[in-house]
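Undergrad: Protein chains in written order, with the numbering used here: chain A, 1 to 254; chain B, 1 to 292; chain C, 1 to 939.
Think of the hints as simulated: they come from the structure by calculation, not from any bench. You can trust all of the hints, since none of them are fake.
Listed below are the simulated PhoX-like cross-link pairs for lysine-lysine, each with C-alpha atoms no more than 25 Å apart in a straight line:
(1) B:Lys227 / C:Lys810
(2) C:Lys810 / B:Lys202
(3) C:Lys905 / B:Lys289
(4) B:Lys289 / C:Lys802
(5) C:Lys200 / A:Lys214
(6) C:Lys810 / B:Lys289
(7) C:Lys377 / A:Lys248
(8) B:Lys130 / A:Lys203
(9) B:Lys202 / C:Lys802
Far from chain B, by Cβ distances over 10 Å, these chain C residues were calculated:
(10) Gly81
(11) Val767
(12) Asp910
Where chain A lies over chain B, by a calculated footprint (3+ residues, C-beta under 8 Å):
(13) 52-61
(14) 70-82
(15) 121-135
(16) 189-201
(17) 206-217
(18) 282-289
A virtual CB, placed ideally from N, CA and C, is assigned to each residue, including glycine.
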Amino acid sequence: MTQLPQSTQRKLGLVIDLDTCVGCHACVISCKGWNTENYGAPLSDQDAYGADPSGTFLNRVHSYEVQPEQGAAQLVHFPKSCLHCEDAPCVTVCPTGASYKRAEDGIVLVNESDCIGCGLCAWSCPYGAREMDMAEGVMKKCTLCIDRIYNENLPEIDRIPSCVRTCPAGARHFGDLADPESDVSKLVAERGGMDLMPEMGTKPVNKYLPPRPKDRIEDQVDVLAPLLAPVAEEPQGFLGWLDKALDKLPGGRA
Amino acid sequence: MHPAPSVIIFTTLSGLGFGMLFFLGLGYPAVSGMTAFALFAIAFGLSVAGLVASTFHLGHPERAWKAFTQWRSSWLSREGWCAVAALVVMGLYAIGMIFLDQRWQALGLIGAVFSIGTVFTTSMIYTQLKSIPRWNTALTPPMFLSISLAGGALMCGQVRAALVLLLIAALVQLAYWHQGDRALAASGTDLGTATGLGPRGKVRAFEPPHTGTNYLLREFVHVVGRKHARKLRVIAFLLAFVLPIALLLLPFNHVFALLAALSHVAGVAASRWLFFAQAEHVVGLYYGKRQT
Amino acid sequence: MTQQPRIELSPKVSDEIRRTTCYMCACRCGINVHMKDGKVAYIEGNRDHPVNRGVLCAKGSAGIMQVNAPSRLRKPLRRVGPRGSGEFREISWDEAISTAVGWLNELHETAPHKLAFFTGRDQSQSFTSFWAQNFGTPNYAAHGGFCSVNMAAAGIYTMGGAFWEFGQPDWEHTKLFMLFGVAEDHDSNPIKMGIGQIKKRGARVIGVNPIRSGYNAVADDWVGITPGTDGLFVLSLIHVLMKAGKIDLDYLSRYTNAPVLVNAADGPDKGLLLRDENGKELVIDRVTGKLTPFDQPGVRPDLSATYEKDGVTHRPVFHHMAERYLSEEYTPEAVADRCGIPASRIRAIAAELARVAFDEAFTIEREWTDFRGETHKTMTGRPVSFHAMRGISAHANGFQTCRAIHVLQILLGTVEVPGGFRFKPPYPKPVAAHPTPHGQGRPGRPLDGPHLGFPRGPQDLQIDDKGNALRIDKAFTWENPMSVHGLMHMVISNAYAGTPYKIDTLFMYMANMSWNSTMNTKGVIEMLTARNDDGGYVIPRIIYSDAYSSEMVAYADLILPDTTYLERHDCISLLDRPICEADAAADAIRWPVVEPDRDVRGFQSVLIELANRMQLPGFTNEDGTPKWKDYADYIVNHERKPGIGPLAGFRGENGDQQGRGAPNPDQLDRYIENGGFYISHIPEGADYYKPWNKAYQDWAVDLGLYDSPQPYLFQLYVEPMRRFQLAAEGHGERQPPDNLRDRIREKLDPLPIWYETDQTGNDGFTVNALTQRPMAMYHSWGSQNAWLRQLHGRNPLYVPTKLMREHGLKDGDWARVTSPHGEIVVPVMEMAALNENTVWTWNAIGKRKGAWALQPDAPEATKGFLLNHLIHELLPPKGDGLRWANSDPITGQAAWFDLKVKIEKAANPDDRAECEPVFDPIKSPVGTGPKDLAWKVGK
Ligand SMILES: Nc1nc2c(c(=O)[nH]1)N[C@H]1C(S)=C(S)[C@@H](COP(=O)(O)OP(=O)(O)OC[C@H]3O[C@@H](n4cnc5c(=O)[nH]c(N)nc54)[C@H](O)[C@@H]3O)O[C@H]1N2
Ligand SMILES: Nc1nc2c(c(=O)[nH]1)N[C@H]1C(S)=C(S)[C@@H](COP(=O)(O)OP(=O)(O)OC[C@H]3O[C@@H](n4cnc5c(=O)[nH]c(N)nc54)[C@H](O)[C@@H]3O)O[C@H]1N2
Ligand code: SF4
Ligand code: SF4
Ligand code: SF4
Ligand code: SF4
Ligand code: SF4
Ligand SMILES: [Mo]
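Just chain A, same shape as in the assembly (with noise of 0.2 Å):
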């Protein structure tokens, strides 16, 4: 299963908007549960209560500062777990055939009895969407919750990954990409959706949002000029002003 499938008929990923997460890691403690829970072995976490705590993660999220040329410095979070690339290099190194894309729907997923736990296909990811479970020894990613996702025994609304059900700002969305039509297609087509390293070619289905234009407000600043022509100078004349206006609102003297 190593070879990756001519194409897929359909590109099921996320898209996350950098201009709405806060980075409070509800995706990533939800993805957590889910999947400890869930397909294949359980999450580990080693010295859980000790010195040196690490454990298994499918979604993590960085914060990154962005110095403009001017203005004050941004601070954008960033989450980030598997990108169910299209070309998938951590799927053509897997020697045992565990790491696969899967025909229908794009998503690369480890199939954990066959893994050997050799960690090549993390070497191979560019992203580090892998990670190895230290009391398993198997290769542990994102399964876009497969799980979940086809789930008849859930209500159809929450056929969603974890993680998008659980975003309180609504940053993470998932969909189609193979569908120009999806929600997320044309998300993407609107805010410039982008992928991560593009250079690498490893066309991650995943797309990011970029964060909007920040710091405008004193752009404006001529446009909105006139709203602020003093009706007085004086305390005085301001109360003058007050009487003229009074007069004009509903059930005024004029």
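Fit chains B and C with the ligands to the known structure of chain A by using the hints.
TA: Just chains B and C with the ligands now, kept in the frame of chain A:
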């Protein structure tokens, strides 16, 4: 990358072992009986020890056989096949040499091809990784091959060949280091492309996603001090190439030959340590660990 | 190609879903607890729930690691070692209850004030205060005094409702959202949902905060203000907007006290509002030109007209405002440097506020009738909304700053209108509908009313004839007359000092007062362990209820171990801090979705048992039998007033009444069936203009929120404050001590002012030091959570680029940070998106060794730290022989964020192993947690 002893031992020893098998397969030296036994034992010992070491870091070594299934796409799988083919073919060939005093030339040739093929496939496991620009270069296979061949020649007592090959390997090594130090920058990947935020300004990693460590940091983010690396390179270079060449240039002496071989192995191990420890996986960018 | 593996796409998710309420913070989202084999398998948000509509934060999802945390207390504990050692003996509940009753009963009968009962951020304050009231002690409060009393008090005194969880922006319509001093807040998920929603619409978010993280990072515009200067910034916005006439005159005249006349005659009433014989505020009717009560049908209160009587000209509030705010001292140019905001930016923000409020005004076709009887065909939307929290409140000028923000909102006409800021029931609720404070404790008898309330003037202070405080925390005294939430942060130090008197028992619940929730941590530890000459403790007895092995446990003599939030009944009541939305009244319960596997009991049930054993009035029937056997029984059967109880839903014998109705024995089951909550929607047309909207007022009366309609005017001018000023000017019987007269005259100004907070002793300490709540951690409890602690296992001090350079610091270096009060040594990290004279860190990550079932070398205990060591509850001496509180002089709110420090490099990254100060480890009563975890409940 984390310079795990298992991979260092594996690449060092199996490179040497398969390098020897290559020469033995070609009939250099054309030995038989006990001498052949001794040489084959060393070559097999090194190769197999290397292969065994490589399974140390597996999460599920008991499933290692599954690694043979994906030869169509996976260099690791191909490496497995090559290694097994080399060992089997060279095993038969060795039986002929040791016990039957027969040198089945064709078999030797095939074994030699598989042996050097094993080294090549190993090198391709690293070369193919775009995520590690230092490895993702046309020089990686020559580096592995030249060192393997030089070591093989050295171990097989092919002094003249060894001299030439050591010289070539030394030059490749220098080129490799030179190019490697520029590889990440040359790859065009930086925190700007990693986050897509580059066009907006200078990007700096602020808070990591967690205050502790994780698999990725342990496995991929190893930072070697520049001074430390320079020192190690000098040592690796002296031990792997300069000293063996010097010893070979002296009048032949078994002690010198042994010393040359030991020195070479130690040097290659140091070079391999650097090969891993200095390899910058681009995931480090996300953690702010690759900033200059 | 080989076959793709077949995988189970529809695995069974769980055996059962139990719906209850999250308690990993005070936001109180609805949760679906998925159960497998009787165990908690997965927690997700409840989509039907009004608070979170399905989403869930990191803490909420990590609840499973909390219910199973190794730090959970297991059995009642009796201290055996010295206080602070952590040495305990496990005892039975019988022994625990008898011990507590033994200590308390005598106090109840002889000297109830010798019990100080203070609770933390619990959500049963209407119950705990009822208990304390019936015990008869004046010494009760929750944590509001050190948390955010400035917000609650300023909001309620100004407009009968506050930010915080008492109101919210009209997320659906707002187009400009301005956020002051918020990192996370109580309304955690709703704020995130709201920000997401308005960003989707392309609405603008302006974040006013020295630190650009979290919500401020996604804000379209960031105002990196100098801490403590928001009041000045806002008054400058008011200046610019008034000067440009960009204020909602119609709104001001109808719904606020801007047109109310201020008495100008010298004497004891000077500055009070003119009122008629019924106490109604008087205005001049613009139609008739006559003096008239504000609320008469057809009256158009005049903002401009004055009233002449006996040669004195009485001017309306609005004149006073114009006079003050149009003054030069509030021009953007005059405040820019102080606030660290360029004048051009202040003007641009003012202009944008004006543009959105007036040019983007819109109307909704929705008829409503106001309290004067006038029917309006439409509602006018002004889509500007604000929210503010502790960045405003935790300064000693926070009350006035928060007032200024409300006044700005009101000037723009954006409160309770579409697109603006909206109250959540039971708010709006004017001061008049709130009680006054009560504090006269009498042996064996209950207090005559609730402890906490809203003073209307000096007559409501809780002081005796000599001016001594009646309460141990000195709330409602001249030092902080409007301390409507009490002053929990002063309890331990006052009890230690024996002022105003000594107490016998300190009883605390859910507050980590020996660590992160206190100022001056080390000092407080010393006070808790201080002994008299006779060897006894200065604070003789301490009872504490916690669910976990927190730092505070070690300092108590008797521990009453609580259940976790999934193991007990709780009630999130309309009598308290409910879960309402601007469109609906709602309340909720928690219920035991799992049974405790330890010998622990819900604290509220324990309080009931204590009350029953002491036969406290209020808890006891005439015949001496207890009224309620446990908390669940109380929730269902207690009636505050006939027909009104803790829960508003499913009342009446058949469960078909809401708000008012007889107790329903099946009420809890009905809540459980309904997802753990109850909601009642406000009818259309009653949903805006609530303070003045007849339909809303009637609906609120029906639901039992009010006894009668309570329409009122927004108090731009807060008259009770003027009453305190009058006393300070020498009027009235109750007089402040002379040393406080000036302060009261200045600070209790009935119109918002800005003043520099007290900088006594700060010479040479020039850098502001702040904390922020991490979104994924709740105070100290997050650290015991195996998942959450990986996110925030330690905390660096974030230092702005400029200060990093100035002090030669690199990431990971250690810095010595000093305040006038103390010193810490901590690791630093650079941050560029930060006010250039401010440092900060995450709150409450640092832990004491031995607490929370963590290994002693846990990073929380070695590389985590508290800023609290640098903050003192008192200001440095001023040389007048007194130590002034580090609090807001009006409300007593603890001024956490007034902290000033200096920093210097202390060591390179590898040259130190631990932060300073270092404390001895405490012995863990529960041991430490297991090494590795692979938590999976199902097969
Ligand atoms: N430097 C600095 N210090 C601050 C602040 C700041 O901004 N900066 N903020 C202040 C503010 S606003 C606040 S509100 C305080 C908060 O401070 P605290 O109220 O002390 O907060 P917690 O650390 O959550 O401690 C509450 C205690 O309740 C216990 N607990 C948790 N769940 C339960 C339960 O179900 N039952 C019982 N019985 N106990 C339980 C926990 O174990 C913990 O010991 O901190 C204050 N301290
Ligand atoms: N996840 C999580 N949620 C919580 C809590 C928690 O511990 N964790 N605690 C709960 C409690 S008890 C409370 S009280 C609330 C508090 O919730 P918040 O009000 O969000 O309190 P803080 O996190 O203290 O954030 C204060 C903010 O004010 C900013 N600030 C400080 N000084 C100034 C100033 O002078 N001007 C301005 N404009 N900004 C300033 C700080 O930079 C910081 O961003 O959160 C509640 N919610
Ligand atoms: S849950 Fe949403 S807002 Fe929170 S970190 Fe994840 S993507 Fe960002
Ligand atoms: S993100 Fe990494 S793990 Fe996921 S498909 Fe791409 S290369 Fe593979
Ligand atoms: S770790 Fe598992 S999935 Fe990854 S390459 Fe190795 S066998 Fe394949
Ligand atoms: S899609 Fe599922 S597995 Fe992937 S990050 Fe989200 S929650 Fe985790
Ligand atoms: S905000 Fe988070 S922790 Fe707080 S109640 Fe909601 S889900 Fe629970
Ligand atoms: Mo708080």
